[in-house]
Amino acid sequence: MNMKALEIIVGEGTCGIAAGAPEVIATFKAEAPEALVRGVSCLGMCHQEVLVEINSPKGTYKYAKVTKKEVPRILEFLKGSGEQVTENLLLAPNEPESSDHQYLTLQTRIALRNVGQLDPTRIEDYEARDGYKAIAKVVSQMTPEQVRQEVTNSGVRGRGGAGFPTGVKWGFAANQKSEVKYLICNGDEGDPGAFMDRSLLEGDPHNIIEGMLIAAYGIGATTGYAYIRAEYPLAVKNFGLAIKAAKAKGYLGKNLFGTNFSFEIKVKEGAGAFVCGEETALMASIEGERGMPRRKPPFPAVAGLWGKPTIINNVETLSNLAWIINKGGAAYAAYGTADSKGTKVFALAGTIKRGGLVEVPMGTTIRDVIYKIGGGSSSGRPIKAVQLGGPSGGCIPESLFDTPIEYAAINATGAIMGSGGMIVMDSKTCMVDLARFFLDFTKVESCGKCTFCRIGTIRIREILERICDGKGKMEDLDRLEVLSRQVIESSLCMLGGTAPNPVVTTLKYFRDEYEAHIKEHRCPGATCKSLITHKILKDGCTGCTLCEKSCPTDAITGEPKVAGSYEINMDKCINCSMCVEVCKPACILVE
Amino acid sequence: MSNSVKVTINGKEVQVGAGTTIRKACEDSGLKIPTFCYDDRLKPFSSCFLCVVEVEGARGMTPSCSTLVTEGMKIKTESQKVLDTRKTCLDLILSDHAGDCIAPCEATCPSNVDIQGYIAHVSQGNFAAATKLIKEQNPLPVVCGRICPHPCESQCRRALVDEPVAINPIKRFASEYELAHGPYVPPVGAETGKKVAIIGGGPAGLSAAYYLRQKGHAATIYEGLPHLGGMTRYGIPSFRLPWDLMDAEIKAITDLGVKVVHGQWLGKQLSIEGLKKSGYDAVLLAIGAHKSKAMWIDNEDSTGVLGGIDFLREVVLKNDTGVGPDSKVAVIGGGDTAMDCARVAIRLGAKVELLYRRSQEEMPALHHEQIETMEEGVRFRFLTAPLAVVADANKKVTGLKCVTMELGEPDASGRRRPVPVAGSEEVLEYTHIIAAIGQDPDVSCVDADSMRPEVTKWKTFVYDTSNMSTSTQGVFTAGDCAFGPDTVIRAISEGKQAAKAMDLYFSGAPVKLTRPYEITRGRVEDLNMADYAPRFVHAMRNKETTFEAPKRLANGGYAPINQGFSEMQVLAEASRCIECGCNARFNCDLRDQATIYGAHHHNLDGERRKYAEDKRHPFIKIEADKCITCGSCVRMCDEVRQISALTFVNRGFSTKITPNFGDPLQTVGCDSCGMCIDVCPTGAMAANVGKEVGPWFTVSKVTTCTACAKGCAIRVHVRDGKITKVESVVEDPINGGTICLDGRFSYQLLGQTQGLDSAQLASAKKAFAEAKSVAVLTTAATTLENLFAAYKLAQAKGGKLYYLSAVARPQSDRPHAKSAGKQNLSLLKKLGAQPWDNQAVDLLLAVGQDPGAHKANLVISLGVLAGAQIQLPLADPLKSKGTFLTESGDLAQLNSLLSEDQGFLILAQIGGLPGLNSLDQVRHALAQEVKELAGLTQLNGARLVPSGLAPLIADLAPDSRELAFTHYVATKGL
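Taken in sequence, the protein lines are chains Y and D. Quick note: the first sequence, position 330, residue 330 per the numbering used here, numbers continuous. Quick note: the second sequence, position 598, residue 598 per the numbering used here, numbers continuous.
The hints are simulated quantities; they were obtained by calculation from the structure and are not laboratory data. Where hints are given, some of them may not hold.
Unchecked claim - In silico EDC-like pairs for lysine to aspartate or glutamate, Cα to Cα no more than 16 Å straight-line:
id: 1; chain 1: D; residue 1: K81; chain 2: Y; residue 2: D440
id: 2; chain 1: Y; residue 1: K473; chain 2: D; residue 2: E191
id: 3; chain 1: D; residue 1: K87; chain 2: Y; residue 2: E489
id: 4; chain 1: D; residue 1: K215; chain 2: D; residue 2: E191
id: 5; chain 1: D; residue 1: K81; chain 2: Y; residue 2: E489
To be verified - Just the calculated beta-carbon pair ranges, DEER-fashion:
id: 6; chain 1: Y; residue 1: D571; chain 2: D; residue 2: M529; range: 47 to 55 Å
id: 7; chain 1: D; residue 1: T192; chain 2: Y; residue 2: K296; range: 49 to 57 Å
id: 8; chain 1: Y; residue 1: V482; chain 2: D; residue 2: V462; range: 36 to 44 Å
id: 9; chain 1: D; residue 1: P815; chain 2: Y; residue 2: K296; range: 25 to 33 Å
id: 10; chain 1: Y; residue 1: V444; chain 2: D; residue 2: M529; range: 28 to 36 Å
As the list claims (entries may be wrong) - Partial pick of chain D residues on the chain Y-facing surface, computed with a CB cut under 8 Å:
id: 11; residue: G189
id: 12; residue: E191
id: 13; residue: G414
id: 14; residue: L604
id: 15; residue: Y611
id: 16; residue: G652
Think of the CB as a built atom: it goes at the ideal place given N, C-alpha and C, for glycine as much as any other residue.
Generate coordinates for the entire structure from the input sequences, incorporating the hints supplied.
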């Protein structure tokens, strides 16, 4: 095969880079100098990186987990002189789709439509995929009212978590009489384990810029801010390059498309405070103040950044707008349910076989996302719950996995849609420990302003710690319930307003685990160090010595290569479970 | 849009202004909403969440300080949910709050005497004020000064530096000083017509009488014994507590109009029923515990066996106890009464041995009492327990069968339990055995009473310390007969509590004695010396002098056995107090709200932030671990003053307020206005002062600052003739309710004021009379009255009035800062004053101004100590009731709580000017001369009254007070 006919596309998002994409690209370039080798952003199959897609005259091949070692073999095969690299193969012409590849084909990608498909540093790539056509149409053919109506018709709701109808929110700002209005893109994605916004900012920055232009036109803003976490260096870089390219092409700046509409975008890097994702704190941060939320009303749409009407839209929300304008609000609304329209992106993580970014129509059940797309448990142990919405969210038990993904139904479980974090947990997860983990996060990330959030979260965490240590009392559960409710009810912003959610939902669905800790001094998830013991099962032990080598306190001794000879000295054991991780025959019992 | 909206507050519909907050709407409807982070001068912050209310339909609880009312809003401010939320809010804040609302000495004192407060008075030589403060809680400080076992000292944190403060000797000095200089007599309340019969004239009964009289209730003490004092007289020998002092102190109580009836015993001449029938509204049983405990051994009824307390009483009553020079006495016991018995027996000439069943280490008597007893010749037999009294055929004591003990395992009291050593029994020869092993109340006196209150198995009256009431209605009890035998100060406390309870009872209110919320950093044994010792200069404790034993026993042995502090010693000792109690104890919003809502730091106990105090700024102290993070100080500094010297650092729980970059506050732009102090709801931001402010409960008045022409209101706090604090006044229309460094801290110079003595006045009069040409140099920074007198003085000699003008001084670019040098010259000009031109005169009178170079033959500086470091104004705004002209042309009335400096009077006297003898006279004369000042005669107590003089603002040279303060601030390193 002629190498010139090959287009080799390598996933080079942050996850790809971490998995070794630059090396793989360099090797392809060296081995096949004639081929067109391109780095693109993350396709969302983070578990499969480095992901290589090769378009050849025969069709499309996709390889997963490629390292530089496989590159010559792949090329050999394509030249026709070697065997197919089957262990890495995801997709090949004329072959049935692998179940792993269904991860992509079962999705419905609107926000993510370009991510992983184009080189984010090339505006031409974006233009080639209908880029900037929506804003051209908006500016030349539509009034701001019509734009807002179209967005309202689409039914899209704020994807940052709160789910307020976007078109309606714009109306509040549009109705304000002010020379100056601002449009802010909220890219301060802070939930642990969530990376939807990062992927969009890195992988399709022009789509967000176009979304911001549409929004700005819809509300009458002339200045936009993109508030992006400084911990997302590639996102900051790609977004900056995109602004430059858009300016050069006349998509940003004064009198765009020969009209009165002018718009510019400034990038503000956030310094890593979770609370700066809250819109009033975010604005304070842009103003140079300490990132602390303030009381609403006045809502930002009325008095926001520097006192001017301001609309803050999440990255994912903005990513849908060009599509909506191009295809029409009704097309978007055709997806989803009566309550929630369109699609939603999730960052699927935890003990899941296929983790990464997933975009599905609203109304898809949690079960389908986890089992059909995600492929179920990665550990072999049954999945017992999923945490939706990160630290602000809640825990949904397996029994409720048939809940459709839509705002109302998710809220009814006690969890929240959130920005899209979806962490899957198997049976070896202690739900008290899980709640403690999230409270660890929120207690540090509280801005320190409100009494209940500042001190209440640490007191809740201390109670959870006590329970995990086996020192809890049954009264502690009542206290947790009351204090959680009070923190939720008496905090200014939704950080405090949601911080106890992991406690509330685990208490609601897994109260038996709390009680087991307190009454029986037993951790059903076999996680809490004070309540578990480790024991080597004689029958399974092969005498492989791995457990002995892994033990940091030399608590494990035995005769090498003598099966069943290994034992744990309980006086020395610190219940770290390092041995469990390494034990091949899985013969170390934790209970 | 309508200007008002209709809302429902707690079910009641009210009309409130549109655009007001819920908080304001509630306050306008008479509902007080608590808050920590809201201040009228600041934008609402909504962080403390104490002001929450329930609004129908709203998510969660609503902070009322920042939520605007809307039409039809339904608000609940007192629902259970609101109260619960507020209480949890307080519980949470308290769980992360540090400090000591009151000092540990006061918290430990059974009668909660404000020890830190009185030591602060003593440190400044104000012994009368100290004793007055003590007597708010303890009417018998002289008695206690001699014999109190001072549990306070055991919790004194000075012990973590070197040694505890000698609290009791300080009290002894102050209270005996006060007694010698005329005891303080508190005001007696208006007679209420309620009558109380107090049974027992001991510490509890006397204390009750003292506080009852202050409330206007009639008190009659019935005392069976010939003298008042109870156990302090009949149970404590007079060499420890001189009777003359005790009698004088008791007289100060009975002089309040307390009726005393001697020789009447309950159960004999008196009964509760009889007293009630004879018209007493309440009866207080304060009969003490005068019955010696029995040893419960064989032959205890023999002649020569005496109870300890009985023995002491009989000696006081001069009854024959049989103990004399030929006696050989065994005293059984290890407490203070045993020591007293032994020492009294020694003084009767007997040979005395003291038998105690444990070792000296366990002996409960105060250590120095043990030593003194030994020194006086009493032989101590430790580990010896009595088994039986040995008596002769006549039932007369010949000895005591004893057994030797050894110490076993610790018992419930933590002391090792004595166990007999088998075979160690022996008989010791004695003529008398005094069993001083404790005493019980004798409640048999009520056995036959038809209104007999219930008694406990310990023979005390059943009572509840929260209402001091017995089981019989209207019958109260206090002291040893209620609580059981304890200290004198405990009995005093109980008497005081009983008086409070009876006062509530008479008023018909529920009788429930409560205490304000208190937090503490911990007991001295739980604290870390490293946190204390490095912060203070070490100075060992001053010691009282105990005389040598021969001197103690000379002349019958009833002269006082020790000598208290000298004045030098007491001042030195008072300076050792490290002032643990919070400076905000009398104005802490957090403490007030915690008390109201019953919140407590234990309710949600957990990790606390620990931050050291920052005293680097000479005027402002930051104790960050008291901070509740309301941010008011940061916002005041930023929003109002636009300085931003203070900031938040860290996030979440460890959020802290600190000067920028943690640098000393004075180096990050702070101009020392101290507004951060005013808005702090706790003691986290405070004036960097120590004992000079007590802290004491103060009285305050609003007056006007004269540091520049602005005329800001200042609230001046005064205690016992001393300014303790100056604050801004929130609602003042001038200068946004803020004040500056001069307004707030220049009072600290007041102590250095010097007046004009009679010789100086006479020489000034003479110089004035003899002078042919006179010039008077004055300033617009003084009162109008002074200015007018100066004008009259100049006029009397055909001279002129002058002022010192100056080039404009640099003005701060910060909002609300001082207008340096600016004063309203309109009256000076009206009176024909001119800028000082240094003309040659015989006499130059400089009034509150430093003339500098001059061509005068003689200069009399009034209020200016020429050439001295400290220059003083003629009339300090804090010591005057005169009038000041502000930049807007208003007449601002000064309103001092201190004794006044009457500058105008001195001027009038120098010039022999008629008709200027009082403020009123001067004002009338001035109003007549200057018609625009007609308002001067109709001030009516208003702070600001418009004048008819158009303002004439000019730059003047600093007056002498300003010069002095500038110098003072410079010496502070600012």
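Against the structure, the hints come out as follows:
no., hint, verdict
1, D:K81 - Y:D440, "violated, 28 Å"
2, Y:K473 - D:E191, "violated, 56 Å"
3, D:K87 - Y:E489, "holds, 14 Å"
4, D:K215 - D:E191, "holds, 8 Å"
5, D:K81 - Y:E489, "holds, 11 Å"
6, Y:D571 - D:M529: 47 to 55 Å, "violated, 36 Å"
7, D:T192 - Y:K296: 49 to 57 Å, "holds, 56 Å"
8, Y:V482 - D:V462: 36 to 44 Å, "holds, 38 Å"
9, D:P815 - Y:K296: 25 to 33 Å, "holds, 28 Å"
10, Y:V444 - D:M529: 28 to 36 Å, "holds, 33 Å"
11, G189, "violated, 42 Å"
12, E191, "violated, 49 Å"
13, G414, "violated, 28 Å"
14, L604, "holds, 5 Å"
15, Y611, "violated, 14 Å"
16, G652, "holds, 4 Å"
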